[in-house]
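**Student:** Residue numbers (my numbering), protein chains in the order written: chain D, 110 to 229; chain G, 78 to 191.
One should not assume that every hint holds.
[To be verified] Computed footprint of chain D on chain G, listed as stretches where at least three residues anywhere in the stretch have a Cβ under 8 Å from a Cβ of chain D:
| id | stretch |
| --- | --- |
| 1 | 119 to 132 |
| 2 | 177 to 191 |
[Unchecked claim] Calculated lysine to any residue pairs in the SDA-like style (CA-CA distance at most 25 Å, straight line):
| id | chain 1 | residue 1 | chain 2 | residue 2 |
| --- | --- | --- | --- | --- |
| 3 | D | Lys151 | G | Asp162 |
| 4 | D | Lys151 | G | Ile88 |
| 5 | D | Lys151 | G | Asp131 |
| 6 | D | Lys151 | D | Pro179 |
| 7 | D | Lys166 | D | Tyr219 |
[As the list claims (entries may be wrong)] Partial selection, computed: residues in chain D whose CB lies under 7 Å from chain G:
| id | residue |
| --- | --- |
| 8 | Phe154 |
| 9 | Arg189 |
| 10 | Leu193 |
| 11 | Trp204 |
| 12 | Gln218 |
| 13 | Phe220 |
| 14 | Pro222 |
| 15 | Gly223 |
Hints listed in this document are in silico derivations from the structure and should not be mistaken for laboratory results.
Here the structure is a predicted model, which is why all the values come from computation and not from measurement.
The beta carbon of each residue, even a glycine, is placed where N, CA and C say it ideally should be.
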Amino acid sequence: EPEVTQTPSHQVTQMGQEVILRCVPISNHLYFYWYRQILGQKVEFLVSFYNNEISEKSEIFDDQFSVERPDGSNFTLKIRSTKLEDSAMYFCASWAPSGGAKTRSTDTQYFGPGTRLTVL
Amino acid sequence: AQSVTQPDIHITVSEGASLELRCNYSYGATPYLFWYVQSPGQGLQLLLKYFSGDTLVQGIKGFEAEFKRSQSSFNLRKPSVHWSDAAEYFCAVVHWTGGFKTIFGAGTRLFVKA
């Protein structure tokens with residue numbers, strides 16, 4: 110069973126510091142995502158990424174956030190200057206339409222195990 | 078706008094009793110619907126999904142869910158709950174914008190009493 114991996118599993122940082130969360134999506138997937146879950150709350154969509162550019166982002170994803178696919182395997186989320194309210198679990202996800210075409214399919218979005226970010 | 082409502086914040090059932098977790102969705106087209114389970118501090122595990130076809134879908138760990146278009150519902154059921162089922166359960170709908178975007182409900186926390 111293919112899986113999405115994320116590192117680190119837990120990151121502690123000081124307010125105002127930059128953090129980079131890393132994800133390795135499933136190798137043949139085309140779409141990549143970041144979601145956020147503040148403790149005790151629901152999982153929220155942050156951003157989707159396709160063909161080396163952001164395809165959609167939520168209002169949460171402001172200028173402090175950026176995403177990048179620096180090589181053929183990693184997908185990163187950077188927070189430039191962390192705030193206390195950025196403390197959350199961050200989930201990476203990936204998806205690929207079957208047959209490689211951009212059509213609705215029966216494929217599933219695969220989620221990583223998450224990175225817990227704690228901002229002090 | 079697409080949305081998912083889970084009306085129960087938490088539910089407590091006795092071990093061995095049956096379980097039903099409610100989920101209502103709002104979506105203009107035919108929805109892709111999912112149920113995920115999350116243990117404390119853990120990631121999301123997919124229990125089951127519905128795309129089309131048979132409206133009663135079977136998942137892992139003995140769970141099933143029934144899609145009812147007329148009620149815009151996708152309730153999760155299990156005939157006999159085990160203590161290990163205690164967790165947070167999220168219903169979700171995928172919004173198609175040329176790519177998947179998963180919209181989650183607020184979750185229902187399940188407590189299992191002996």
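**Student:** So which hints don't hold here, by number, going up?
**Tutor:** 5, 6, 9, 10
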